[in-house]
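Visitor: Given next are the chains, with one letter for each unit.
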Amino acid sequence: MSHWLTTILIVLPLGGALVVWLAPLPRAWVGSLATLVSLLEVGVWIIALEHFHFGSASLQLDQQHTWFRDLGVSYHVGEFAFSLWLVGLSAVCGAAASAYAWWVGRERPRAYFGLLLFLTSAVVGVFSAQDLLLFYAFFEAMLIPLYILIGVWGGAGRLGATLKFVVYTVAGSLLMLVSIIVYGLQQGTFDLMKTGTSSNDWLFLGFALAFAVKAPLWPFHGWLPDAYREAPAEVSGLLSGVISKVAAYGFLRIAIDKFPGPAHDFRVPILVLASIGLVYGSLLAFRAPDIRGVVAYSSLAQMGLITFGLFAANDLGFDGAVLQMVNHGLISMTLFLLAGMVERRTATGELSQLGGMARGRPALATVLMTVGVMALAVPLSSNFAGEFLILAGVFQQYWLWAVVGAAAIVLAAMYTLRLVSALLHRGVGPAVSEAALDLRRGELAIVVPLLALLLALSSWPAAISARVLPAGEGEAVALAAGPLDRSPYPTPPAACRGAGAASGLGRPGSRSSAGPAAAQVGGEPGGGLALRLGAGGRSAACHDGGGAAVAPPARPTPAALPGRGTGTLAAGRVPSGSHGLSYLPRSPGARGPEPALRPGANTGAAGVGA
Amino acid sequence: MRLIDAAAWVCLLAPLSACAAITLGGERLTRRACGVISSATTVVAFAAAVAAFARMLAEPGGRRAHTTSSWTWLQAGKYHFGLTLLTDQLSVMMMLIVAGVGSLIVAYSVGYMDGEDEERRYFAYMSLFVFSMLLLVQSGNLLLLLAGWGMVGLSSYLLIGFYQQRPEAIAAAKKAFVMNAFGDATMALALFLLIEHTGRLDFASVFSHAPRHGTLATLIALGLLGGAVAKSAQIPLHTWLPDAMEGPTPVSALIHAATMVTAGVYLIVRTHPLFENARAVEDLAAGLGAATLLMAGLIALVQVDIKRVIAYSTMSQIGYMFVGAGIGAYPSAMFHLMTHAFFKALLFLSAGIVIHALGGEQDVRRMGGLGRALPFTRAVFAVGTLALVGVPPFAGFFSKDSIIAATLTRGAFGDCLFAVCLAGAFLTGLYSLRLYLLVFGGAQSEFAAEHLHRPAGRLEAAPSMIWTVAVLAVGATVAGFLQFAEVWHPLTTWLAPVAAPLSEATNRQEAVASVASVGLGLAGMSVAYALYGGAQPRRLPRPLALLVQGFYWDQLYAAIFYRPAELAAQGLARFVEAPLIAGSIGELSRGFRLGSGELGRVQNGLVRSYVLAIASGVAVLAVVFLSTR
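If you read the sequences in order, they're chains A and B. Under the working numbering, residues 12 to 621 are what the first sequence spells out, in order. Under the working numbering, residues 389 to 1017 are what the second sequence spells out, in order.
Hints were generated in silico from the structure; no laboratory data involved. Yeah, the Cβ is synthetic: ideal placement off N, Cα and C, and Gly gets one too. Any given hint could turn out to be false.
[Said to hold, decoys possible] Restraint-style ranges between C-beta atoms, simulated for each label pair:
#  : chain 1 : residue 1 : chain 2 : residue 2 : range
1  : A       : Tyr-158   : B       : Gln-937   : 52 to 60 angstroms
2  : B       : Val-936   : A       : Gly-438   : 25 to 33 angstroms
3  : A       : Tyr-158   : B       : Asp-942   : 49 to 57 angstroms
4  : B       : Ala-933   : A       : Leu-411   : 34 to 42 angstroms
5  : B       : His-597   : A       : Glu-61    : 51 to 59 angstroms
6  : B       : Gly-959   : A       : Val-283   : 31 to 39 angstroms
7  : A       : Leu-36    : B       : Ser-1004  : 51 to 59 angstroms
8  : A       : Val-459   : B       : Asp-942   : 38 to 46 angstroms
9  : B       : Asp-505   : A       : Trp-32    : 18 to 26 angstroms
10 : A       : Ala-467   : B       : Gly-503   : 36 to 44 angstroms
11 : A       : Ala-467   : B       : Ile-948   : 40 to 48 angstroms
12 : A       : Tyr-409   : B       : Ala-911   : 52 to 60 angstroms
13 : A       : Gly-199   : B       : Ala-1007  : 38 to 46 angstroms
14 : A       : Tyr-409   : B       : Gly-983   : 56 to 64 angstroms
[What the hints assert, rightly or not] So these bits of chain A aren't anywhere near chain B, every CB distance computed over 10 angstroms:
#  : residue
15 : Gly-26
16 : Leu-33
17 : Leu-47
18 : Arg-119
19 : Val-163
20 : Gly-166
21 : Leu-214
22 : Glu-354
23 : Gln-364
24 : Ala-417
25 : Gly-438
26 : Ser-444
27 : Ser-476
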């Protein structure tokens, strides 16, 4: 099925960029045009949201055109539920960035706005690409505007910042390129929907390192403080809010999904790095002397937390991680914009020079305080919801991770309140003059919608967390059952895991390489860390193989809420497609012989499930 | 929708709507209007609570628990956590206390905050607090309870730091928030355990599925106790409460006396099945309560700030409640929670009148002889003091004695608690009357003579301040008659389906406890009268530094938490971040610069050689990777 929406999402900002660059528009129009285009992008995304069926686990809104047939390379784009949320995040943050740049009136507007739009397009492309080479192309395309935006429009130390940024990211992405080529050649295709899993540790590390630099994870964050400090405020917001999510997405879509074995083996080291980053980032945020330093290091900490969720290898962790990606994206975008607004009024971001800004500036105080308390994950905020899910998930992996996370949350309270107080409270700082006005209408028009989104999300975080991957009863069984796994569920028999891994992500009956690599995975102790992306075959296979043995003792049933029939929930989980990323609900009807390997079987299961 | 459910939602959402209206209204609303909106919505919440209560009275005893859900707030995989409200006997009681005392105090604020610069912000925060507290007591699952738990912490932070220009206020606010965040974190860990082992968080299924004994049960109870101890300012997480007195006085009355700080007691009573699975933790709760009530009573003896004395007395009284909840005397603990809400709010609010009359002065050494100028305030303060000490027939007598009597049912451990509670009663009498005499007794001080001002007219303060205090004084006088030992006990009966007491004291034990505690309370008062009752203050020895400094807890925490965190942050920044992480690229680029001089010769400007170099590099890596398969 061909669907143009994803392509439109990618091409619209690109077209906007071209118009801005090439058309002979008056300079004054450029900013408004770019903002309009990015708002249109948000509109298109909302349409895409309407067309999207969250109950289905298959790839949707997809479009494919062959590019290099013999290499198995194609233009293949489409959305999964979690990528659609990230596309939305990019669209919203892109619009906020354009609007803010327009309000500020950046110099050389044509180049600037063209690059911003180009960046949005590339990021949306990364989240939508279903072909590894295409993914890589977008990944690299995303870096080019960033280099220029930081290097040309940045602050005084922009050159050093750009240099570091370039060195780190190029090193990371070259490793990824090698991994992509080798992996693609091994699999015989670059199409993410067709490739199977691999157990090659080196390839996994190539991908993981690229994403670890991009995120960044400790200790690959050397580029972070300078880049976040020197870039224009809205670019810092995009860097920390959106670009870092590309890394988390990469972990989710490629590193974890395609390399279940290595992802399982390297889980502990990665979680250790994440927890170091969490505590380290929080401590450094606590002593950072300027606004952006605090937000930058808190970003490091937050990426550690999101990594926790991704490598928790269970529903709670995954869903929480995706929710948290959106939360953190919106929050850090807003915080960086606010940092920019404060800096414009005071000409400094040094906390020692600021203070007492609450008095006479009620709008600034209200907005900053609200975002601040959300950033520190005050309960009932969506940030709290995300962190709660992530930590509940990683707790099931091993309790110590959650304890580290909980400690980091206390630290988060310390550094965020320090930031808020240093700006708003106490005596009036030397850099704060009477001329430093409250937020103007234009600024409020940018920040308040972001805030409204956050508040709306806070009232219903399940809007995202329940629509990340179609929920299932069965797959918890298929998830890692390694030595660290403390879940009370018995380990599925090895043969079962092998079969599950073998069915992998491959489109049923396609040329998925269910060969040696998969067998290797299955043979390893503890099996793999697998996503529900394509875990459908796995859980079904496990049911066939291990029936009662797989069922956990005293499995809790989902909380039955009065007035919410299970009917709606069941309906929400009916798989519709027979794509590789299909998923089978745990229902007796699904126990046909090898259901996942036969395209028709899923439909049958759906009938029973409904 | 059933009436009770509708009432529950109205009760919860009315204060939130006030907060939203005031925030959005901004300067379009007059200051007065903000106060009116805030009070009116709290009264609406109270009316809804009364309606729910009345409806519940008409229902048969066993079927008074109602849950109502709106939507699934949070969901991940098979886990669902709804926005669920539970309206049962316990939550209705808390709703009545919170909304009732809350509406009185918000109304009082209209007079107290008059002329303050930022009344709008104040009333928005107050409404937010009432909403959060109602969320806490109405929540139908532990996640929502934790949400309310954190939200009251947030509004407490905002209100303690209300006077934003004062560094002490901001520091106190941050301290309160961070210590409570610690409690939130331990609670969250307990919730993670429950999720892992029961898969749910709604009260009924948690209680029926939670581990019955063993380490897990202990850890769960311990995590919850951590939250309770932090919120209720018990040892060892109590140091934020005295500092919290930096906030406006009505805030201290509402949050740091009547409602929020007693949330820990509510939590223990609400989740008592989990605590009963871990008796050691229950004993720990009682022990911490006992230690706190003794320590706080001692510190209160030497404090010179009127609000701090009352704050330490609050800690001490919550210590009693913890003792009661820890030994399983849940109705007694809740009873004391209720009477305490009346008399402690009364004490704070009448102290507020004094502070207002003296233009903001809080140091008792500058007060004295205020009784003549403020006779009404003296009278209501006296009522509050008598209720606090537990002199019959005032409210504190009934509730405190029922806790003290209950300790006698718990064997040797209970006897120790009994002794500590009695010592606490003596201290209560001592510090309470000391405070009363220092403020109202003796001759008028010079400072008071200079600074005392009362508004023109018959009243000693704004009308809204006077009548609210009067209502509370009536409450502090009569609320105790709700329950009297074995004679009648409607409260115990009411709460029995939710939290039946583990054991009940006999009449003899009640009598022993009453006589002993009233006797010791009066003894404490007579000592105080002997020391402070004269027209001229006696010369007293300098108070122990240990007490003045509050047993050095602040210094201890600074030494073991704050300083190490700061040092770690500095050390990491200086020895890891700067040289290793930020510097590595600098070193690298310096190396490059040196090397590039040499390599410059390779740069011959021919694109084809560059492409060759890139391609060969990738090829080499590819070969390496392929060969290591």
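Visitor: Run through the hints listed earlier and report the numbers of any the structure violates, in increasing order.
Guide: 5, 6, 7, 9, 13, 14, 21, 24, 25, 27
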